[in-house]
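Visitor: Here's the letter readout for the chains.
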Amino acid sequence: MSDILTPTEEALAEAPPPTRGGGALRYVLTKIGGGLVSFALVIVLGFLLFRALPGDVVATMFRGRPATPEMIANLKHQYGLDLPLWQQFVNYVGDLLRGDLGDSYVYRVPVWQKIEERFWPTVLLVGVSTLISVALGLWMGTRSGWRRGSRFDRISTGVALALWSTPTFWLGMLLLAATTGLFPTAGIVYSDTPPDFFSQALDIAHHMVLPTITMVAVTYAQYQLVMRSSLIEEMGADYLTTARAKGLRDDEVRRKHAVPNALLPTVTLVFLHLGFVIAGAISVETVFSWPGLGRLTYDALRVGDLPLLQGTFVVLAGAVIVMNVFADLLYRVLDPRVRAA
Amino acid sequence: MIIVRSRLLALGVTLMASALVTAPVAVSASASPAPARAAEATSGQDGKVLRIGVSREVDTLNPFMSITLMGTSILRSQFEFLTTYSQGSMTPEGALAEKWETSEDKLTWTYHIRKDVKWSDGKPVTAKDAAWTFQKMLDDETARTANGSYITQWESVTATDDWTLKIKTKVPQATMDALDIPIVPEHVWSKMSDISAAPEFPMVGNGPYYITEFKEAQFTKMKANKNYWRGAPKVDEIHFVYYSNSDAAVSALQSGEVDLINPLTPTQYDALQGEPDIQLNNAQNRRFNELLINPGAATNDGTPIGNGNPALKDVKLRQAIAQAIDTKTLVDKVWSGYATEAAGYIPPMFKDFAWEPTGDQVRKFDLDAANKALDEAGYKKGQDGVRLDKQGKPLNLRLLTHAERDIDENASPFIKGWLKEIGIEVTIEPKSDNQVNEETTRGEYDLAISGWSANPDPDYVLSLQTCANRPNADGTGATPDSFLCNEEYDELYAKQLSEFDRSKRIDIVKQMQALLYDEATLVIFGYDNALEAFRKDKFEGFPQQPTGSGVIMFQQSYWGLLGATPKGEGPVPVYDGSQGTESGEDTTDAAAEESSNTGLILGIVGGVLVVVLVVGLLVARGRRKTADDRE
Amino acid sequence: MTVPKNQPSPRALAWRRRGAAFTAGWREFAKQRAGLVGLGLLAVIVLLAILAPVITDREGLDVTKATGDRMESPSWEFLLGTDRPGRSVLLLTLWSARISLTVGFVATLLSVAIGTIIGILAAHYGRWVSAGLMRITDFFLVLPSLVLAIALSTVLERGIGTIILAIGLTSWPSAARLVRAQTLTIEARPYIERARALGGGHFHVISKHVLPAVLPLVFVNTTLAVGSAIVAESTLSFLGLGDPDPMRPSWGSMLRSAWLDSAIIAGAWWYLLPPGIAIGIVVLAFTMCGRALESVLNPRLREG
Amino acid sequence: MPLLELRDLSVRYRNRGVEAVRGVNLTLDAGETLGLAGESGCGKSTLAMSVLRLLPPNADISGEILLDGEDVTTMKWGRLRAVRWTSAAIVFQGAMHALNPVQRVRDQIAEPIELHSKTEYSASALRKRVHELLAQVELPAEKGDSYPHELSGGQKQRVMIAMALACEPRLVIADEPTTALDVIVQAQVLALMSDLVAEKDIGLVMISHDLAVLASTCERLAVMYQGSLVEEGLSAEVITNPQHTHTQTLAAAFPTVGDPGSRYAPATSTTLPDAVPAPGDELLRTSDLHVTFRTRGVTHAVAGVDLSVRRGEIVALVGQSGSGKTTLARTILGLQEPTSGQVTYDGKPVPRSTRGLKAYRRQVQLVLQDPTSALNPRHSVYESIAEGLRIHKVPGDEREHVAAALDAAELRPPQEFMPLLPHQLSGGQRQRVVIAGALALEPKLLVADEPVASLDASVRGEILALLLRLRANLGLAALVITHDLGLAWNIADRVAVMYQGELVEVGPVDEVLNDPKHDYTRSLLAALPTTQPKETDLASG
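Heads up: the protein sequence lines correspond to chains U, B, P and G, in order. Using numbering that gives the first Met the number 0, you'd call the opening residue of the first sequence number 0 and step up by one each time. Using numbering that gives the first Met the number 0, you'd call the opening residue of the second sequence number 0 and step up by one each time. Using numbering that gives the first Met the number 0, you'd call the opening residue of the third sequence number 0 and step up by one each time. Using numbering that gives the first Met the number 0, you'd call the opening residue of the fourth sequence number 0 and step up by one each time.
Chain U on its own, in the form it takes in the complex (with noise of 0.2 angstroms):
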């Protein structure tokens, strides 16, 4: 809150200004540092949730198979869980370091190597649909809220309204029915699309079409109320007032003021929405069978796959610190303000 100023701090408002551009690398350092103290966090979190799971992890190995007391023993040696906790630990957090996330018990593969399997295929998806819903919900908002009351803001307010209020899944599930035969249901690509590169944009894109739509649908409504809202707050300001008095169009004014303003406080949510973003990819690609880290997740949870699903949740917990910490330096060069902070 930067316009808050608690009382030692406003005897200081006063001092000269400060000047530009020292500090940047402070700052960037600062909020990389930050960045850094969540991922331990999630390594530690990580660690503390998967390993309080309950059920012996060596016996799930077997899948209720036959094994020796000895075959056993080799495994729990071999993945290092008849240790110390404390050192348990440690070998963790030296293989994540090393980029090591251990091997899928159900898989028998390294996690690391499932997960970049599904990798891609959740950032195409996340990334088309937040473009697409940022798009839509900032041009959407900047309408409504620069015409407070008008038909446009009324009904566009009140469809974004309800589309946020409806589940992922649920939405998800009506698109699949009202749409059956219109366009694939599931998976990411046909399996008998031709390997070159176009045809297989062109199924992608194909296949995309409903998980992006549900994405999109239960997402931009979020963008276009804080944009709306955020609009409607500086719509107050006397600077807005200054452009007009300066002669400037109603729609000048907006572009070229109102808006650059109002978008401050709607990018810092776009990034910060993302672990929402995430949970929808979940829901999503559960339903559309899409071959993403989010249905890796659903799976893994599913199968009882402990490391898998310790992987998924620092990989995705990772993704979305890195975002946001990319957002605050974003944040920087966008608000000059901040600049200066």
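One or more hints might be untrue.
Stretches of chain P that chain B covers, calculated by requiring three or more beta carbons in the stretch to come under 8 angstroms of a beta carbon on chain B [said to hold, decoys possible]:
| # | stretch |
| --- | --- |
| 1 | 53-64 |
| 2 | 83-93 |
Heads up, simulated BS3-like pairs for lysine-lysine below, C-alpha to C-alpha not over 30 angstroms straight-line [what the hints assert, rightly or not]:
| # | chain 1 | residue 1 | chain 2 | residue 2 |
| --- | --- | --- | --- | --- |
| 3 | B | K327 | B | K315 |
| 4 | P | K207 | B | K371 |
| 5 | P | K207 | B | K327 |
| 6 | B | K392 | P | K207 |
| 7 | P | K207 | B | K419 |
| 8 | B | K135 | B | K225 |
| 9 | B | K380 | P | K207 |
| 10 | P | K207 | G | K443 |
| 11 | P | K207 | G | K199 |
| 12 | B | K105 | B | K190 |
| 13 | U | K75 | B | K371 |
| 14 | B | K169 | U | K75 |
| 15 | B | K363 | P | K207 |
| 16 | P | K64 | B | K379 |
| 17 | B | K190 | U | K75 |
| 18 | B | K363 | B | K380 |
| 19 | B | K225 | B | K312 |
| 20 | P | K207 | G | K392 |
| 21 | P | K64 | B | K315 |
Cβ-to-Cβ under 10 angstroms is the rule here; a few derived chain U residues that face chain P [to be verified]:
| # | residue |
| --- | --- |
| 22 | I31 |
| 23 | G34 |
| 24 | V36 |
| 25 | I154 |
| 26 | S155 |
| 27 | T167 |
| 28 | G180 |
| 29 | L271 |
| 30 | T296 |
| 31 | F312 |
| 32 | M322 |
| 33 | N323 |
These are computed hints drawn from the structure, not numbers from a lab. The C-beta atom is built at its ideal place from N, Cα and C for all residues, glycine as well.
Please build the complex by placing chains B, P and G on the supplied structure of chain U, with the hints as guidance.
Guide: Relative to chain U, chains B, P and G alone:
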């Protein structure tokens, strides 16, 4: 100004990007609607493709590592085993091994390898490949991951010449004529540094098909092996397309994106009735479903393990529970009739060994009788209607179920409901398959839903209920089922093993089943059918196992895929001389019932529209104020 | 100076003031039609949920007593058709409201309570407390909460309690930030300085000035958050982490059943639509109420 | 033809019902300067905004606004946009908010030029023009690259002026252009405006609540009261011989420093204490007090201050904002810990323990600048006053204490005020409630931080008179913190001038203000706007 411009630029780029993404989507949406796909697929440029929609995931396609049903099923077509199971009677018959014999002490087995088998890369298949594969498993613990159980008692493996394989075992082993172990080409696998690594594609094999591509969680592609010793298959490619949600697979079948799917739930099966181009297959299954009642789990040396409710040690209580389960309702409601009502331990598919209770022994579903029996046995009802055990504690039982398995999800509420009627409170605990396996193995359950697939020879499933089959001291080891340990049963089990007179053996097996029925450590509640469907506009049919009445997918062999017959390419082959060629009688032609799908779509679309509109209007009305006329 | 005896006591005065403030707030709220509609909807739904045991028979939830056939389409007997075991979907939807609303309310209360305490402490106390708490808050804010909730629900026993805990423990950070921001605004007001100068300690400042000023905002936040919590519950239930007891359905678990039972393939729209629409309406009602309340508190958001 | 002519102008806000401006007639010729005075809410800002039709959509305008003979109220949008900024430009109140925070000031200045110029400006020509404008307002060209938050208040106001001149308008309307600025900066900005207006022959309408400011800049003065124009005339005449009672109050509110008539006599309608009581022994002393902040770099907010207040004495602490006076006050109250040095009260050092501080705070009470925010809007008058009593668990009947405090603060009868909420009171009444809240604890010393700065001129004198009476009747000592030398002249016994954390001059008011020793005190005094229109250029100071 610069800032503003660059920001607008960013926004523009964003919009452009989204437009770029949506444009091809729109184009492709209009360019290739589903019916077009169906047509395109039949005349695909790569020849005839069989696309199978599956909702089971491949763990890995490494034959040493794969343990899931999907992975092993695919590998069955990739690699020829020494023996396979016949299409008609599901008994072991020669495959890679033309014939085999065993020494008198049953410790040495000699297999004679077919001389006309070639790997898909053209190299001949010899006994050395088999020897290398088995030796690798004996030497390398990792290589034992998937199929290690078969070789734990082996002493040595040798290829005496290119066409003879000798295996010595430490103790007589019953499964030696049914070793479900993929045999890999030595010239490929001996070069692999990590035996557990993902294999390279195309994968050299000697089965009817070989794997050419595997996309995790998406599909597995196989090509027909033109050198296959039984003759090349009629289709050129098989694509196993993975659908994590089985409804999506059904939709894909409806729109012609896939040609064959398994399994179907009864609801899906019924929904497909009436589709003119779809052939349904309601196949009798070799599976029985059971409710385990923990009689006091113990290890094979008798040490109690687990945390089963001690009250269940009382056979009277177990019998009352058994009596409170209405198999008819379950067959009707859970399986919509696509199942057979419960009788004995051996599924009715195996007519000889199947048994049914008669006379006094019959425990007809009767809640009053069950209540009465419990009253008599001294289980008094507490104030809230829940019975108290002998220690005066209320009877609260946990019911362990497989999460997301159709049978478990649907049967468990019924079990809970009936048991409540006889004063037993049930808490349903759905767990992942692994957890269920684990917890049942360790005896950490009161009630659990389980099931097994029986073989033509009942030995294996019967062995599940012996004292010896209980787990090791540390709670692992064997795969126990109901933790029964009954001396009489064990004696009968030993007796049937050494009984060579089939009818006498059948009698003993039936006695054993009667005994199981009385012990009520497990309650059979039905034998569900395997439900499948395929596009009959594209395929004539597939060989079933057993011939005529059995399944297409997930056979105990590869007959269904090997004999896949595209439309217009003649009769479906039969790999079992004794049977006819036509499809079985259980395969129902889809009736010309009116499809209700259009109505559904309209209903849903309409409903959604109405909801959105109504809600939107409500909100909108609320915010209506005079619009400002600011410029 | 003597005081006439007919004067109201200070306590009565304070209560009269609160009453007046409430009336004024209500009058402002009543001007918002969306808010009133939302409140009305909520009242009806909550009433129906509370009265469910009176107006219907819970036995109908027991599959063994189900009278309908598998996924019967709507009829006079079953206004919204039946589910796979033949239970009335209308009955299920009604009873599900109890669980869904309970989870929504309790989880929100939990998260708002955590959020409020952390938010106030982070704003009120000095650098280290504040920095530490905000670091944690930011961490949880950024964390994909569904993933964390999934992890939590996996660790703990399945059931309503776990779901509440999972939602409550993962959704507090936004409340904490909001409360912190508001607390900072309040604490920057000179009357806090005045209260300190009068000799008031931390407790006095928080309880007499900060909390009363923050509570309306917390209330609005609660109203808005219940909707999210209900959606979160449905998502967790849909993913199979809900209460497996068939006698305690929630809208999420109904949708899960519909999904697993192939309601889409079977064309059973009556099985698919009611729970989803119920969620939508309830969430929307909460949102409408919350937004109306918000504009009561923040006149800048008001129309016109 | 007059540059600007208002004919029977009325403005009514639909949602408020009351007319903000009622039938105002006003003319301004080219190159003329007019000051528009009035208290907050009198409609002067509405009047200014109506000239360019910048009022919100819910405002109804009636009458005529003739700008260069053309009626603004009936203009088409296109014409209005063309007129805006080219015919008339506005220097807005509080430049802090009137500039777009995320745009460089260069672009903001250039924007209207680009928009309105008939010919296409090249980038370099535009840049040159902006530099010219910046030079006119005496800002270096590099400042054009700054963002608003990087500029000080005075610089921002200069940017606003440069922006207003960008299209060379014939009329500039300045709405409270110097309100938020320090005395010295204010003087500089006013001088700059006067010069530019004179140089370019621009018509100027300046709006302020401060008659002195207007009188020093404008030829003519108009006074508004409750939406109507109550008096208009030449500045000197209006100031020296106000006709309307409201003008008289405004004129009297700001005393002339050095005028013996206003010594110990703030403008008030109430009776003032007859005699000035002699101060008693020393009550409070700070010795070598240092307060240092380390938020960004090191700031010495208070750097070695020795100050004493005796019983019954009123001491004024004068300084610009940022001079450290507020920090000093907070440190005296124990709200801020000193870095070194100490505060002694009644001969004993002020304790630092929570318990000790609590007892100390009963003796020393704080009165804040803005009574509106100093009272919890949710608490009734009774609760606000009883707050201190409750904190300290003062024995006796709470109600009687509250009534006594209200009575002492001259809110009579007390019973009527008790149930009221702050928003039901006027500004002066609110400040009395704050004072009553302090008095309820029967303190010995009041620390008043700008006690009248946010009050309307007419109320100012009343509150100051109350402080004088409290000192006379209760023997209350007061440390009054202010930027307003006139206030010190009005009520203080001694004055301490603070500059950059240090006290540069301390002494009896008459001595220090009549015969300042320190340069800083002198420049403060010199910067005071006088009621006589100035000839000299202060900007060099």
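Visitor: B/K105 and B/K190: Cα distance at most 30 angstroms?
Guide: violated, 35 angstroms
Visitor: Is the Cα-Cα distance between B/K135 and B/K225 30 angstroms or less?
Guide: holds, 29 angstroms
Visitor: Would the hint linking U/K75 and B/K371 be met if the CA-CA limit is 30 angstroms?
Guide: Cα-Cα ~50 angstroms, so violated.
Visitor: Let's test the interface hint: is any C-beta of chain P closer than 10 angstroms to that of U/G34?
Guide: Nearest chain P Cβ about 9 angstroms off; hint holds.
Visitor: Is the interface hint satisfied for U/L271? The criterion is a beta-carbon contact with chain P at less than 10 angstroms.
Guide: This hint holds: U/L271 lies near chain P, its Cβ roughly 6 angstroms from the closest one there, short of 10 angstroms.
Visitor: Given a cut of 10 angstroms on the nearest C-beta pair, is the interface hint for U/T296 held or broken against chain P?
Guide: holds, 6 angstroms
Visitor: If you draw a straight line from the CA of P/K207 to the CA of B/K371, is it 30 angstroms or shorter?
Guide: violated, 66 angstroms
Visitor: Check whether the Cα positions of B/K380 and P/K207 lie no farther apart than 30 angstroms.
Guide: violated, 55 angstroms
Visitor: Given the proposed pairing of B/K327 with B/K315, does the C-alpha separation stay at or below 30 angstroms?
Guide: holds, 22 angstroms
Visitor: Straight-line Cα separation of B/K190 and U/K75 no greater than 30 angstroms?
Guide: holds, 29 angstroms
Visitor: So, U/G180 near chain P? Judge it on the closest CB pair being under 10 angstroms.
Guide: violated, 13 angstroms
Visitor: Does the nearest C-beta of chain P fall within a distance shorter than 10 angstroms of the C-beta of U/F312?
Guide: With a closest approach of 6 angstroms, the U/F312 hint holds.
Consistency note: the structure conflicts with the earlier hints numbered 4, 5, 6, 7, 9, 11, 12, 13, 15, 19, 22, 25, 26 and 28.
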